[in-house]
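**Q** So the protein sequences, as listed, match chains A and B.
Residue numbers for the first sequence follow the working numbering, beginning at 1 and rising by one.
Residue numbers for the second sequence follow the working numbering, beginning at 1 and rising by one.
Treat the hints with caution; some may be incorrect.
[Claimed, not checked] Okay, the calculated bits of chain B under chain A, using three or more residues with CB under 8 angstroms as the criterion:
1) 19 to 32
2) 60 to 71
3) 262 to 273
No lab work stands behind these hints: they were computed from the structure.
Note that the Cβ used here is the ideal one computed from N, Cα and C, for glycine as well.
Chain by chain, the residues:
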Amino acid sequence: MSARGGCAGGGAPRGTAPPPWVAAECRVLGRDEPATGYVRLLLEAPGLAARARPGQFLHVRCGGGRDPLLRRPICMHDAAPAAGTVALLVRVVGRGTAILAASGVGDVLDVLGPLGRGFDAAGGGGTHAGVHASAQGGALALVAGGAGVAPLAFAARASAGRTVHALVGARTAAELVSVAELGRWGARVRVATDDGTSGHHGPVTDLLEDLLARQGGGRASGALDAPREVWACGPLPMLRRVAAIAGGAGVRCLVSLEAHMACGVGACRGCAWPAAGAAGAGGCATTPSYVHVCRDGPVFDAREVVL
Amino acid sequence: MSAAGLSLEVDIGALHLKNPVLAASGTAGFGREYAHFAPLFGAIVTKSVTLGPRAGNPPPRLVETSCGLLNSIGLENPGVEAFVRDELPAARGLGVPIVASIAGDSAAEYGELARAVSRADGVAAIEVNISCPNVARGGMLFGADPVQAAAAVGAARAATRLPLIAKLTPNVTDVCAVARAVVDAGADAVALINTVAGMAIDAERRRPVLGGVFGGLSGPAIKPIALRMVWLVAEAIDRPVIGMGGICDARDAVEFILAGAAAVGVGTATFVDPGAAARVVDGIRAYLVEAGARSLRDIIGAARRWRDAARA
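This is chain B alone, in the form it adopts within the complex (with noise of 0.2 angstroms):
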């Protein structure tokens, strides 16, 4: 089959993608930020909104480590009411799907920022960020916990009717758990991983490096953390699930498909070269091509054969 003819595109429950590879959430602004590579995007999901605005934290924000990037922007957003009337219109423009990624401080707002945004128009799915402190439980972050997971996606699927994906963080002991408990709550997917918690230190000024203290590590540097966490929770639901975690070119990309995704995200790559996305898409193209297969589907937990292929 010729690599124009086959087809990339991929369904994550009722939202219909042309190609599996996603912005992920953060990393694509609102959408303008990088105008001329949306398009390429099989979808972007926007930066987390949450119900007011937020400044975001106190500078430094950002530290380059080894083969990643270790961040504490702290959701700085304009607020839903401001994404929905200044960003969304412009987002929807660019001629790919939206995904409305929302954090909320509790279930009750996650139930009104699901709301919010789904009234508004050019939205295809909602990311539920639940890598959020929950302010009313002492700040012990949403996902966390299977139980304040399921709240939070709970309230968001009581309020819409829109694809729901639960983005889930890796800093937890049984990511499994976690995934469970937001499909029986309602996700129609899960996105992994968040980034991993870390921290820097400045050794001549001896005090952490970021104005946030601690941060989120993004970037190459993660991706064996992020490939055992979707090889596990592949397993352990019967919904798609997006990989992400220092993909950075097509054979990444790839072993997330054999690990179970069915789909992926590009995110710190995309701040290295704009263009990374697309040269994924096309990669993943020529890999199915080279392997003979048919389809995407061919190859979603492919890897997850091998026993079988061995035995063969």
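Just chain A, with the same shape it has in the complex (with noise of 0.2 angstroms):
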């Protein structure tokens, strides 16, 4: 990687600084194809893997041309600071994310990073850039759709010292993605599948209701493995009855948004997302709040946003 500049970035809505990021340019050193539909790449990005965090993102160049356009934001599946690496899950969805995954070995990609406030994996509430300050602490449980796996993967292996419920949905067998590796880092993993062709049969989110139901969840529960928090990551609706389970059961929620940028930087105000709470859209149609993917998330507790 070179970086090329970096830059204290972002407005800081809330009191807290924003991240520093950097523009850099990284050498692809592996790639897979993990599972159909997605592509893995790991790529050298010392500098950034340092100061990633779980749930941030990397906003990623796709070709060098002038169409498409713009970079495509991604949201990191890992990163090891000791091999200066960061990895990328690529669900090829149009024709940025396509050209990502036709990256070959030895190409370079074009990165700004790393973008946004991630999910806590610190716990005991961390107050440093780009992390949501806190966190509880104690039994985690995650919960993946599709591509939704890629920054909970990367939170379930930065959660070491924390029992991790991993609950991860697909629509069929062959597109489920880290299943193996989570259960390596030590999660507890459930799989569900829309056909049935793995583990249940049915929306990830019967898992969540079942574990919470089963082990009780949040400070009433006095269960060791009782889930204290659930961070998702996945469709909006699946994130909607997440936020709905979580909060019947009195459970922290965090849910990492996906929108279409810009700038990834706070510039453009092009990712507004509906502000929950008094002052925000949910509250009073006369008055809409926003806060933007980009700057104040992508990860949220669901009760800041209208899901």
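Each chain sits in its own coordinate frame; assemble them with the hints.
**A** In structure tokens form, the structure reads like this:
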């Protein structure tokens, strides 16, 4: 990786200093196809790897021409500071991601990052840049839908010492990613597929309901393994359901959101998302307010946003 | 002449720039979002501010189109008071001239806004963004009509001694008439083009893609439109023209300068590459050296003289 410059980017809407980011050219060190429709890229990125937090993203240029024009925000799938590498999981959904997925070993990707606020993998209420404060520690339930497993696998590996329940959903068995890795990192993995080809036959949210019902959750539960927090990433309908289930059980819920972005650094205000709360779009229709996925997220407390 | 000794300085009225590359309004936030890259620009035109805070349009606000970006941000901004209090102090510290962009609902508001930013420390010039609906006139854009455009610029002129740059919309029949009107009303320079009106439709969901339905198109897709309008306006007025619209690299920028622009704006390209403007500056210098030019002034409008050159 060759750093082209650093920047203290972004506004600071909540009194927290925005995370610093760099523009870097990262060589592709490895490439594999862990599941149907997915490509995993291992990037040489020592400066980024040292600062990357689970849930943060890289803003990646696709090709270098003028069409497609914009970068694509991709959540980091893993970061290894010692090795100086960052992994990306790319699900091919359009032309930009198809170009990224076609990258080969030795190619160089133009990236900005690490960007945004991630999950709090530090535990115990860290206040450092890029991470949500006030983690409660204790057991953690991760709920992944499809490509949403990317940041959660990183979160699971970075949550050593916590009991981690990893609930992984996909349309079909061939599209399951990271199930074996999650197990190796000590997570208690359960799988759900829409077609029943692996694990539970049904939505992954069934597994969360089941887990919270069996183990209890939140402060009320005395069980050691009972999830004190739920971190979720996946399609919006799944996130809505996860937030409702977690809310019903009194468990804090963090969700990772996806939005189209131009700048990725808080400048263009393009990735607005309706904010919840008294002054938010959910509270009063005449005074909508928005958060921005690139700068305020992509990870939000589910209570901060209208899902 | 060596590249290092070659001056890229240019004056836009009383606004002196070390190089002719500006960050276009709305594409560099209030400057600190790109703090490390800011000093490389000739100036930063901040995101347009209104009298009160604006939440902006409902999402989705962006969609990528062929070689372009369609946006409907809706002037999201904290309002002029918060801009002066919370953003200007940081912007001033960036080591680059700050051009404050203002957007009003009425001519009187343009005056109030110009007065408010002039009173603040650290504003080098004012951009009057007239691509805004005139609420009293049924939402017609100020910039769509020479009389209304002149009213907005005239109100700002009466309220400030700072250099005034009128930002013109391309969504008009006769951009030269608007350019002449704003110059007559006291603009020291014009900047063009703002985004080109457009829309996108989602065929699967059978609805407009953008939350605001219509948006403004930017990026390389609009460069030929911008180049023509800069060419026309540079002939129509005797004030500096700041050309912009899809500039991604130095070759694009040089084309605008050859068309008559004294300076250029880099906008959407900054989203793609925060270092784009710095590369444009270096590339303009390299072009001048290659062309044997002594200064930027030697090539401003040079393509307008092609008939003379052909005869010679």
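**Q** Indicate, hint by hint, whether the structure satisfies it.
**A** Right, here's what the structure says about each hint:
no. : hint       : in the structure
1   : 19 to 32   : holds (count 6)
2   : 60 to 71   : holds (count 10)
3   : 262 to 273 : holds (count 5)
Hint compliance for this structure: every hint is met.
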